[in-house]
Amino acid sequence: GQIYPSSQPAQGPAGGVEPNAQSVTIGFAQQQLQAPYFAAMQVQAEQIAKDKGFKLLFQSANKDPAIQYNQMQAMMAQGANVMIVNATSVKGQYQMMTQIASKIPVIYIDTGVPDTGMTSVSSDNLTIGRESGKITAKRFLDAGKSSIKMVILTGPATDEFVGPNRRQGFLDGLKEGGLQYTIASEQSGDYQQDKGQVAAENMLAANPDTDLVLGLNDSMALGAYNVIQKPQYKNVYVAASADGQKEALALIDQGGCDGRYISTGLNSPSLAAEQALGIALDVATGAKKPSDYPPESFTKAVGIGCENIKEYYDPNSVF
Amino acid sequence: MTTTVERGQSARPQVGDVAFTARGIKKHYPGVKALDGVDLEGYAGEVLAVCGANGAGKSTFAKLLAGVETPTDGEIRVAGYDHPVRNAAEAEQAGVLMMFQEPLIIDDFTVGENVWLYKLREGRDIRPWATKVDSNSHQTREVLGKVGLGALRTNQLARDLGPGQRQMLSLSRAEVTNHQIMILDETTASTSEEHFNDILDLVKREREAGTHIMFVSHRLNEVFAMSDRIAVLRNGQLVDVLKTSETTPDEVTTLMIGQALRAVERPAPVQTEGKQPLVAVRDLHGGTAAGVSFDVYPGEVVGLYGLVGSGRSSVGRTVTGQKRAASGTIQIRGEEVQLNSPGQALDKSVVYLTEDRRLEGFVKDFDNGENMSLVVLPKWSKGGVIDTTKEKSRVRELISEFQVKGGPKTYTRSLSGGNQQKVVIAKWLESDPDFVVLDEPTKGIDVGARANIYEIIHSVAARDKGVLVISSEAEELLSLCHRILVMRNGKVVAEFDPSEADTDDLIRTALTHQD
Amino acid sequence: MTATATAPAPSAQPEAQRSSPVVDWLKSQYALYILVALLLVATITRGSIFWGGTNLTNLLLQMSIIGVVVLGELIVVLTGGIDISVGSALGLAAVIAAGLFGGPSVFLGLVVAVIIGGIVGAVNGWLVAFRGLEPFIVTLGMLALARGLVYAYGNGIPINPEAAASYATFGQTTIIGIPVLAIIWLVMVALIAFLLYRTVWGRRVYAIGSNIDAARSSGIPVRTTLWSVYILAGLLVGLGGWMFLGRFASGTSTAGNLLELEAIAAVVIGGARLSGGFGKVFGAVVGTIIFAVIANLLSLLNVSTFLQDAFRGALILVAVTLATVQFSRKRRATAGK
Amino acid sequence: MTATATAPAPSAQPEAQRSSPVVDWLKSQYALYILVALLLVATITRGSIFWGGTNLTNLLLQMSIIGVVVLGELIVVLTGGIDISVGSALGLAAVIAAGLFGGPSVFLGLVVAVIIGGIVGAVNGWLVAFRGLEPFIVTLGMLALARGLVYAYGNGIPINPEAAASYATFGQTTIIGIPVLAIIWLVMVALIAFLLYRTVWGRRVYAIGSNIDAARSSGIPVRTTLWSVYILAGLLVGLGGWMFLGRFASGTSTAGNLLELEAIAAVVIGGARLSGGFGKVFGAVVGTIIFAVIANLLSLLNVSTFLQDAFRGALILVAVTLATVQFSRKRRATAGK
Ligand SMILES: Nc1ncnc2c1ncn2[C@@H]1O[C@H](COP(=O)(O)OP(=O)(O)OP(=O)(O)O)[C@@H](O)[C@H]1O
Ligand SMILES: Nc1ncnc2c1ncn2[C@@H]1O[C@H](COP(=O)(O)OP(=O)(O)OP(=O)(O)O)[C@@H](O)[C@H]1O
Ligand SMILES: [Mg+2]
Ligand SMILES: [Mg+2]
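So the protein lines, in turn, are chains A, B, C and D. Positions 7 to 325 (this note's numbering) are the ones given, in order, by the first sequence. Positions 12 to 526 (this note's numbering) are the ones given, in order, by the second sequence. Positions 24 to 360 (this note's numbering) are the ones given, in order, by the third sequence. Positions 24 to 360 (this note's numbering) are the ones given, in order, by the fourth sequence.
These are computed hints drawn from the structure, not numbers from a lab. For every residue, glycine included, the Cβ atom is placed at its ideal position computed from N, Cα and C. Treat the hints with caution; some may be incorrect.
[As the list claims (entries may be wrong)] Derived pair list, reagent style PhoX-like, types lysine-lysine, alpha-carbon separation capped at 25 Å: (1) LYS303/D x LYS420/B; (2) LYS420/B x LYS37/B; (3) LYS375/B x LYS303/D; (4) LYS393/B x LYS359/B; (5) LYS61/A x LYS295/A; (6) LYS294/A x LYS306/A; (7) LYS303/D x LYS393/B; (8) LYS401/B x LYS420/B; (9) LYS403/B x LYS303/D; (10) LYS215/B x LYS254/B; (11) LYS401/B x LYS303/D.
[As the list claims (entries may be wrong)] Sample of chain C residues lacking proximity to chain A, with all beta carbon distances greater than 12 Å (derived): (12) LEU58; (13) LEU62; (14) THR66; (15) SER128; (16) ARG154; (17) ALA216; (18) THR222; (19) VAL223; (20) ASP236; (21) GLY294; (22) ARG296; (23) PHE305; (24) ALA337; (25) VAL341.
Turn these sequences into a full structure, and let the hints steer you where they fit.
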């Protein structure tokens, strides 16, 4: 026999259309909690569930597709109607997600698996990176530098999609902004602040004439920011290509246009969660059909720098 | 022999043929010349006893013959085998069976499986269903019966056996393997007279089958009862090889230790009338001890005799807090005490010298100094910080006092068996206990040092302390103690005054099957 | 003989040393109690879902891959060793089986995965058995090396075999309701139990783990046996890698990540002694089920992600503590240690 | 007493010692050779940068936190135990020290972190020493529990103490060019060395690890000593958590993640035996430095992320294998085992 006889995506909520939001169960398979961005998404989702009254099953997979698969299966066993998935692997989960999506409508958030599921709500990492890159380019040009040497803090080796896009976007943004750059070194900071700090230390020691440390997220850039407090690095600046973490925004706010944390990109966990949960609820209650949605939709993409920081910085937000 | 002759019917050597030849054997360990040029032959169908003081090199020679170690220089040839023996596998092919001083038993295997261990040897193919069947068979029980372990269940874990039983268990392999040379390295050291008879029988059978038997023991009476020739080692050299029928124990002793042995004097009787006993034990149960009562008075050396399994060690362990008593009372100087752990007993100055050196005797990664100071360390320290100068100097003194062949920095595990025992005795006596239980204290100790240990025991008692000596050697107890208790089936069944009893009395009492 | 009053007759003494085999067996099965307790909790809290067909199938699938790895870990632990490279080796086997020649067939994948696993095991085993190195440090090196090769092989990007669809179909096939992957696991359980309990090789493994000196001096070929143990463990891990492909149809670079901890934990909670010589296949299987049920249950109970780890940890601690309460009390009473 | 002249004169005996101490010491220091080889490679490939003041300071900082944890792991391993909860416990100590009362002062943080570490250690130790549980499984439970509490405490979001700035300042303070954090580490090294080598407690730790039965029957309070070992290890880990705050000024939820593997590896590569009773502080320190230098070097050489793990693994394997080649050859020649 076969456990998943069909490979066609489900055309309606699992277990049938629910009469109202109170009887809906939504599964949310988060890829990890190791970075604040993802943790904030959970906090947001739980808030929305409370407000709207549906039942939220939330699981986090520690970056491992195998664990995520098990968790999704467990959610289905518990009667989830719709599933929101932040995929752990863009390429590696194709068959897995085909199987899952044949039984339940799947909405991707942040990271999706192409050609599976019904829709994907993600931040456009390329654009976000580019916007942040443009702001950084402007700062250097304003300061009279037309060419910089930079080092990059990347994600782990398993980062197949998001990181490379953020990196490419940022570099494109620098180029668009008219700044020449050379990359002296790239090391992984695992998207974590402490690992990012250590990697930045090592790269700066090897390349003391660096102008810019780019972190592919704010956590790592914050680690690098700690390093450049040392007097010998007083001419080194930090930028991130994404996230908009509160601590980073605070630094941008504090430093103003002379600050050494130049820019980041907005990748709002709450925006994304709101949008995805809205779709999920509509599908589960039959307000809309899975086929009503486009395969992809993006959340707002902006770069945040000293000039527009006031719009985005909220000291009381979770993230 | 019961079984399974595996290595074909290849012509068994005739009695009198050369079984092995050792030429110019040297074995040097870092800093020690364990053997320094030994030439020796063994013949088929004879029992060759090897005698020598502790550390003379007996075990080393045996290990070389068995191929467990490789000589630094020289060559050993075994009859019927072309190559010099270079390792354990070759020796096994050559038909050498060794019983180690510390028997090698697989603790997690059952008694039955340990008997048939040789079936796991190299070269035997993987035969499904071949392993479990034997270990519980009638044949297994028969084999165990021959080595005096008939009462054991074959599916009992070897872990639970006492040292004496372990020795006999490893000896059972002699019954199931085929060999031309059998080495018994102090196999009798912790066995009682009863088991000695089993060993005698075994040796007799083997010898008639043409096996060469090498017998290492510190008990000269056994050596004389069993052997045809006696090889005497001293400091790694072969001093002489004597015909047993043409020599005397005194002559052997003189050759071994360089001078004749003084007779040990029986201790002067102590006055116990009207005194308060140092230790009073009433109706003690625990382990195999089932209702034991006795007193030990200050200044007394009391002996505890019995067969293996009669409950002596259980008594010793229970009165010293090594094991908890199931019931019964223990009073020290009239005051009832609860000894729930060795630590508590130590606080009350009550200590137990184990018969199980391998398991509980010393710490294998410690050197002599560290082992000797293990118990008394708190006394040699201030606020928990060790006074190293004091430790060093006192350890040196102990080493010479107990005639340990080895320095303070030598690992105890690399010492010869007898020297290890001396380290363990020193460790306990240094704590200056009020009451000390010595379980087989002279196990593996040579005749020279033995006299020394006896004197130390007497000097302990002379300071108004109490000593309880557990031994499987009736003779030893008779010459050492003021009083001897005999145990049987977990109870004290008789008390003897050594001046009015002899070995036979003790053995008979221990063996009798009715009260 | 006429036994004397109070004292037990000598022939009765051996009985006093070890209690009856059934009691003994039950005593040593505290893993089983933990499992029963977990199943009880599952039944009470989420009975209908937990015992539902879907969930049971999921559970079986979830434990079959780690189950095979646990068997490999078990035999290594029995020798007194440890293998912390199993997770990475599984990943390597999966990735190369998926990628070599494009991964055109499921069967070829099996061969490749098993060979890769065997090679990793052979290297580990050679260093441990013939070079005398500490298994922990050897397999730690292998842990990093194999994981590194996984990353390097696909630059961190998952490798989808050409036969992905066949793998996916194969992985969810069931026979009389039981997933094939689970059947493979159970067959391996039987195989390893047979090897350990019924062959000379198995006895040798236990002997080496219990007392390597005694084993050596009894003429047991210690080195080759040790080597064979690591190789067999490697083969099992390779098989696990292939099963991974069957289940996920993709060689992801995180395949098998952190599996080693769970595998060792399952072996240990199943009653095996880390210093070797003691441990049963049955215990290891129970250990495997325990961890799978815990993970499944935490999912079913929808425990907050932030608290899941805490729950899992607390559960492990409480379980092992409770399960030993009676025994350790008894032990103390008799032994007075 | 007067020796009775029957035996050979004792004064001739001390010759029979183990071989010359220097040779012996050098033989057992293969970790040192590995380190020297690594430093050579570093000098050849990136000499000027590697030996530059900035990098040396970085290196010292990078090893001081793990260095303190390694000391805790060492004493546990010496007793024959293992503690795989050190990483999580460090994270817990860091997060709670950062968050409790808002983390208003560096000194209060120290007190809180050390207390948290001590509590974790006390629980581990109690279960191991008094309940007789297997250290691996106990600390595995604690690994999950403590990490779970970290997530739960801050919902996975980093906790920045109010005194973040003071932590940051403190963390980069140097005294005559040496970072304070490194000085704390070195003081701890000296303290642990003193405790292990010069006190009754230290001697007992070794005795318990080498032969627990002999230790017990020699009247050593085995349980309380074991307990104290785990507590001390916990205190050190707590201290490490506080140092983490000093260095990163933020209690991230990943603080200390996977530290346990590195700590055990450093202890083992430093020559300690996992079954207990054998191991030196010096070796553990060398082990710590080795792993820090490897990581630093791979960074300085700008080795691709995809290849770093593979390089690290291969380096470990080659190093331990080479370092033992000569000795095992010698051993075989003499022992012929
Ligand atoms: N592995 C070893 N390393 C170092 N020295 C050793 C080793 N084995 C034995 N020796 C030394 O070799 C010498 C001879 O030891 P051996 O065990 O042969 O003595 P023995 O005659 O059997 O003594 P005993 O009667 O006490 O058993 C001793 O000094 C001992 O310390
Ligand atoms: N109080 C006790 N409680 C539980 N077990 C005990 C106690 N005392 C001793 N034992 C154990 O009981 C077992 C008794 O073994 P065995 O019958 O071989 O020795 P024994 O008869 O006491 O000694 P011996 O052979 O010296 O006469 C030993 O393993 C010992 O450790
Ligand atoms: Mg000897
Ligand atoms: Mg006894």
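Hint-by-hint comparison with the structure:
1. LYS303/D x LYS420/B: 17 Å, holds
2. LYS420/B x LYS37/B: Satisfied, since the Cα-Cα distance of roughly 24 Å is no more than 25 Å.
3. LYS375/B x LYS303/D: Holds, at roughly 16 Å.
4. LYS393/B x LYS359/B: Holds - the C-alpha atoms of LYS359/B and LYS393/B are around 21 Å apart, at most 25 Å.
5. LYS61/A x LYS295/A: 20 Å, holds
6. LYS294/A x LYS306/A: 23 Å, holds
7. LYS303/D x LYS393/B: 24 Å, holds
8. LYS401/B x LYS420/B: 15 Å, holds
9. LYS403/B x LYS303/D: Distance ~21 Å between LYS403/B and LYS303/D Cα, so the pair holds.
10. LYS215/B x LYS254/B: With Cα atoms ~18 Å apart, LYS215/B and LYS254/B stay inside 25 Å; holds.
11. LYS401/B x LYS303/D: The given pair, whose Cα atoms are some 24 Å apart, holds under the 25 Å limit.
12. LEU58: 19 Å, holds
13. LEU62: 16 Å, holds
14. THR66: Fine: 15 Å to the nearest Cβ keeps THR66/C off the interface.
15. SER128: Holds, because the least Cβ-Cβ distance between SER128/C and chain A comes to about 16 Å, which exceeds 12 Å.
16. ARG154: 30 Å, holds
17. ALA216: 26 Å, holds
18. THR222: 33 Å, holds
19. VAL223: Correct as stated: the minimum Cβ-Cβ distance to chain A is 37 Å, above 12 Å.
20. ASP236: 42 Å, holds
21. GLY294: 26 Å, holds
22. ARG296: 29 Å, holds
23. PHE305: Per Cβ check, PHE305/C is outside 12 Å of chain A; nearest 24 Å; holds.
24. ALA337: 18 Å, holds
25. VAL341: Holds: least Cβ distance 22 Å, greater than 12 Å.
Of the numbered hints stated above, none is contradicted by the structure.
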